[in-house]
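Enquirer: Sequence:
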Amino acid sequence: MISLKSLRVDYEDVNAVKDIDLEISAGQIYGLVGPNGAGKTSAIKAIAGILEPTYGEIKIAGHDLELEPREALRKLGYMPDFPPVYENLKVWEYLDVFAAAYLIPAAQRAGKVKHWLKKVSLSEKHDSLIKDLSRGMRQRLILAKTLLPDPQVLILDEPASGLDPLARKEMRDILKEAAAEGKTILISSHILTELSEFCNAVGIMEKGELRVSGSIEEIRVRLGSHKRLTVRLASPTPANVDKVYHFLGNSKHCASIAKTEKQEINCLFTGSKEDAAWILSQLTLQETSIYDFTCVEDDVEDIFLKIGAKEVS
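Here the sequence shown is numbered in the working numbering, starting from 8 and rising by one per residue.
The hints are simulated quantities; they were obtained by calculation from the structure and are not laboratory data.
Beta carbons are placed, not taken as given, at the ideal position from N, Cα and C, and that holds for glycine.
Hints are supplied without guarantee of correctness; some may be wrong.
Stated by the list, open to error - Heads up, simulated DSS-like pairs for lysine-lysine below, C-alpha to C-alpha not over 25 Å straight-line:
{"hint": "1", "residue 1": "K66", "residue 2": "K250"}
{"hint": "2", "residue 1": "K82", "residue 2": "K119"}
{"hint": "3", "residue 1": "K52", "residue 2": "K12"}
To be verified - Across the chosen pairs, the derived CB separations fall in these ranges:
{"hint": "4", "residue 1": "A107", "residue 2": "N43", "range": "17 to 27 Å"}
{"hint": "5", "residue 1": "S128", "residue 2": "A107", "range": "21 to 31 Å"}
{"hint": "6", "residue 1": "Q270", "residue 2": "S203", "range": "30 to 40 Å"}
Turn these sequences into a full structure, and let the hints guide you.
Expert: As structure tokens, this is what we get:
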């Protein structure tokens, strides 16, 4: 697990990370998001042992990073954004070098290298030079290197950067499998909608502060997140549009009702799934020619904007 108490990072007169308290449990995938300059990278580097914090306590798998650095770092796997690689080595040689550095017995190295190359879909590049790999392939190679020593805690800074959709899915699957095995995973990313698909919890940073933290659903409730109800008609005549508009206007679960240029009707919806189903059934009885009826909750980007963060991909 990862435990932070009053973590603070200062650069001369700039307070990059402001007294963060955070607990990430075993088996949890925690996404850390925020605009540029929010303090994510400073926090990540401090947790990974690369940057000395101004003060505060960091524990990795129960080991205090300041008092027991060797024990803490042995439990940790760190994948930075834009990681350096040895371009003139072959793919298998690169992993073999790190396997030796991780003190993996020589008799086991070849098997582990093949295993992780297969996991990250790089088996066909076994004998290729790293300099000939694409950006996405290099990212997958670094992920394989990070997982080689079987760390209990994984810290990944923008791990999906440069990956195509298939490679991103493969990475998600690998991380989900690692979490299912009890590993603690901390991911920093700007790809907010993707994080929401597989993270157990997220933390949103802005101006050095951890503004909100919890599961997506907990954050939705805390910030008063809304659902949007949209009705589309097969025959959007003025009469049909007005009929739907006035019906929603009389519903206690609908607010801010509006007609769009495409003659759609939408509103903020505060009811339950059962309430939405009842509204649909009543509109159908009124023969309003509905062909699409959707009720969608705020996604993670909407949540991100609710707390005032403005830069989001």
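Enquirer: Indicate, hint by hint, whether the structure satisfies it.
Expert: The hints, checked one at a time:
| no. | hint | result |
| --- | --- | --- |
| 1 | K66 x K250 | violated (60 Å) |
| 2 | K82 x K119 | holds (18 Å) |
| 3 | K52 x K12 | holds (16 Å) |
| 4 | A107 x N43: 17 to 27 Å | violated (38 Å) |
| 5 | S128 x A107: 21 to 31 Å | holds (24 Å) |
| 6 | Q270 x S203: 30 to 40 Å | holds (31 Å) |
The structure does not agree with the numbered hints 1, 4 stated previously, though it agrees with the rest.
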